[in-house]
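J.: Whenever a hint applies, use it, and build me the whole structure from the sequences.
Number of protein chains: 6
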Amino acid sequence: MPMIQITVPAGSLDASKKAEMIRLITDAAVAAEGIPAVRAQTFVQIHEVPDGGWGIAGRAVTLAMMQAALAAH
Amino acid sequence: MPMIQITVPAGSLDASKKAEMIRLITDAAVAAEGIPAVRAQTFVQIHEVPDGGWGIAGRAVTLAMMQAALAAH
Amino acid sequence: MPMIQITVPAGSLDASKKAEMIRLITDAAVAAEGIPAVRAQTFVQIHEVPDGGWGIAGRAVTLAMMQAALAAH
Amino acid sequence: MPMIQITVPAGSLDASKKAEMIRLITDAAVAAEGIPAVRAQTFVQIHEVPDGGWGIAGRAVTLAMMQAALAAH
Amino acid sequence: MPMIQITVPAGSLDASKKAEMIRLITDAAVAAEGIPAVRAQTFVQIHEVPDGGWGIAGRAVTLAMMQAALAAH
Amino acid sequence: MPMIQITVPAGSLDASKKAEMIRLITDAAVAAEGIPAVRAQTFVQIHEVPDGGWGIAGRAVTLAMMQAALAAH
Chain E
24 MPMIQITVPA GSLDASKKAE MIRLITDAAV AAEGIPAVRA QTFVQIHEVP DGGWGIAGRA
84 VTLAMMQAAL AAH
Chain V
24 MPMIQITVPA GSLDASKKAE MIRLITDAAV AAEGIPAVRA QTFVQIHEVP DGGWGIAGRA
84 VTLAMMQAAL AAH
Chain D
24 MPMIQITVPA GSLDASKKAE MIRLITDAAV AAEGIPAVRA QTFVQIHEVP DGGWGIAGRA
84 VTLAMMQAAL AAH
Chain Z
24 MPMIQITVPA GSLDASKKAE MIRLITDAAV AAEGIPAVRA QTFVQIHEVP DGGWGIAGRA
84 VTLAMMQAAL AAH
Chain R
24 MPMIQITVPA GSLDASKKAE MIRLITDAAV AAEGIPAVRA QTFVQIHEVP DGGWGIAGRA
84 VTLAMMQAAL AAH
Chain S
24 MPMIQITVPA GSLDASKKAE MIRLITDAAV AAEGIPAVRA QTFVQIHEVP DGGWGIAGRA
84 VTLAMMQAAL AAH
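As given, the protein sequences belong to chains E, V, D, Z, R and S, one line each in that order. Numbering (the working numbering) for the first sequence: 24 to 96. Numbering (the working numbering) for the second sequence: 24 to 96. Numbering (the working numbering) for the third sequence: 24 to 96. Numbering (the working numbering) for the fourth sequence: 24 to 96. Numbering (the working numbering) for the fifth sequence: 24 to 96. Numbering (the working numbering) for the sixth sequence: 24 to 96.
Mixed in with the good hints, there may be bad ones.
Same chains, same label: a pair holds when it works inside one copy or across any pair of copies.
[Stated by the list, open to error] Once the Cα atoms are required to be at most 20 Å apart in a straight line, the calculated SDA-like pairs of lysine to any residue come out as:
{"#": "1", "residue 1": "Lys40", "residue 2": "Leu86"}
{"#": "2", "residue 1": "Lys40", "residue 2": "Ala87"}
{"#": "3", "residue 1": "Lys40", "residue 2": "Asp74"}
{"#": "4", "residue 1": "Lys40", "residue 2": "Ala80"}
{"#": "5", "residue 1": "Lys40", "residue 2": "Asp50"}
{"#": "6", "residue 1": "Lys40", "residue 2": "Ala94"}
{"#": "7", "residue 1": "Lys40", "residue 2": "Ile79"}
If you are wondering where the hints come from, they were derived from the structure by calculation, not from laboratory data.
T.: So this is what it looks like as structure tokens:
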């Protein structure tokens with residue numbers, strides 16, 4: 024029965040990654056509930072925050088900055 | 024006094040349908056509250072989920088798929 | 024197909040008003056979409072903000088303050 | 024980097040199921056992104072909708088009604 | 024520790040205003056909590072509602088209408 | 024014109040801190056917009072996530088755990 028709203032930076036996920044995110048997250052939610060029948064009523068929406076609108080600790084962090092930080096990591 | 028956030032697939036509603044949705048949903052909220060004065064403080068935002076980001080039962084469902092299913096229905 | 028999240032002050036709506044809000048708002052959304060078949064996939068959640076957590080123009084407005092203002096109105 | 028807001032009916036998940044939901048859904052999000060480093064910046068919040076505030080196809084569906092329907096299923 | 028979701032009309036804030044909004048709102052949240060250490064875990068996302076999807080008192084209010092009203096104000 | 028939804032762990036803010044959060048965050052939003060007239064249309068809602076429903080990096084983090092970590096910090 025869960026409604027799952029996922030917020031990501033715009034451009035960070037392409038269509039195939041979104042499909043994978045929906046599949047895997049739905050599987051996870053159903054497994055956590057332990058009731059297979061909730062699958063039909065499990066909904067996922069992936070919202071996108073336009074670049075420049077994502078703030079961490081007071082700083083606007085662009086997608087390019089995130090990707091550079093993850094690459095360096 | 025209600026804040027109403029509506030999430031729809033991007034491209035599923037044009038400007039006139041959005042205006043109609045705002046009008047009708049505000050009327051409905053005010054009628055349900057039974058207090059006409061709340062109208063001035065009733066806000067609606069229609070968020071759009073980019074195509075490919077809408078999941079039902081673990082599957083990414085595109086706007087084209089939804090429209091085909093509704094047409095067949 | 025709309026997902027409708029309604030945010031209201033905690034305690035402002037009893038069970039019967041919530042049921043009425045769900046009914047009327049779903050009817051409104053389906054009418055605005057103009058596609059009766061979307062009804063089955065129209066979901067409403069009524070979230071409650073605990074008293075003291077609702078701000079208008081910088082002031083925390085409690086449910087009692089709102090009800091007094093609406094009564095005076 | 025995903026922010027994941029999960030909305031469930033109040034009382035439908037106990038503490039251990041919530042912990043399991045957080046664990047499994049974070050694993051799923053990280054796997055879908057394909058970037059292990061995003062785990063540290065993956066946040067999940069489980070919101071609860073008070074009983075009577077969950078609407079499906081225009082009807083207020085209580086937790087008891089949902090559990091009965093799932094049991095019958 | 025706060026997660027702050029800000030919803031604004033699309034096009035109402037440019038990149039520099041968004042960065043300023045993130046900076047000032049994070050400062051405000053940290054000051055209100057009174058715990059400097061929460062800064063690292065304070066996240067802001069600025070969502071944009073596409074033009075025509077913003078309703079006030081039942082009317083769809085476009086960005087142009089808002090800007091005209093603010094200018095007249 | 025911003026709608027600001029703040030999500031915090033339940034019990035982390037008392038009424039006076041919530042009022043302070045609303046005041047300061049509204050001031051910040053208005054200052055960032057640079058248009059004093061938006062104050063009247065700036066709304067803040069402080070949502071609370073019940074204890075046990077807050078996940079960081081896959082772990083359910085309770086309010087007690089957060090407060091201990093902040094104190095140690």
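J.: Evaluate each hint against the coordinates.
T.: Structure-based check of all given hints:
1. For the homomeric pair Lys40 and Leu86, the shortest alpha-carbon distances inside one copy (16 Å) and between copies (17 Å) are both at most 20 Å.
2. In this assembly of identical chains, Lys40 and Ala87 lie within 20 Å of each other by CA distance both inside one copy and across copies; the values are 18 Å within and 19 Å between.
3. In this assembly of identical chains, Lys40 and Asp74 lie within 20 Å of each other by CA distance both inside one copy and across copies; the values are 19 Å within and 13 Å between.
4. With identical chains, the CA atoms of Lys40 and Ala80 are at most 20 Å apart between copies only, with a shortest distance of 17 Å across copies and 27 Å within one.
5. Taking CA atoms no more than 20 Å apart as the test, Lys40 paired with Asp50 passes in both settings, with 15 Å inside one copy and 14 Å between copies.
6. Proximity of Lys40 and Ala94 under a CA criterion of 20 Å is satisfied intra-copy only: 18 Å inside one chain copy versus 28 Å between copies.
7. For the homomeric pair Lys40 and Ile79, the shortest alpha-carbon distance between copies (16 Å) is at most 20 Å, but the shortest distance inside one copy (24 Å) is not.
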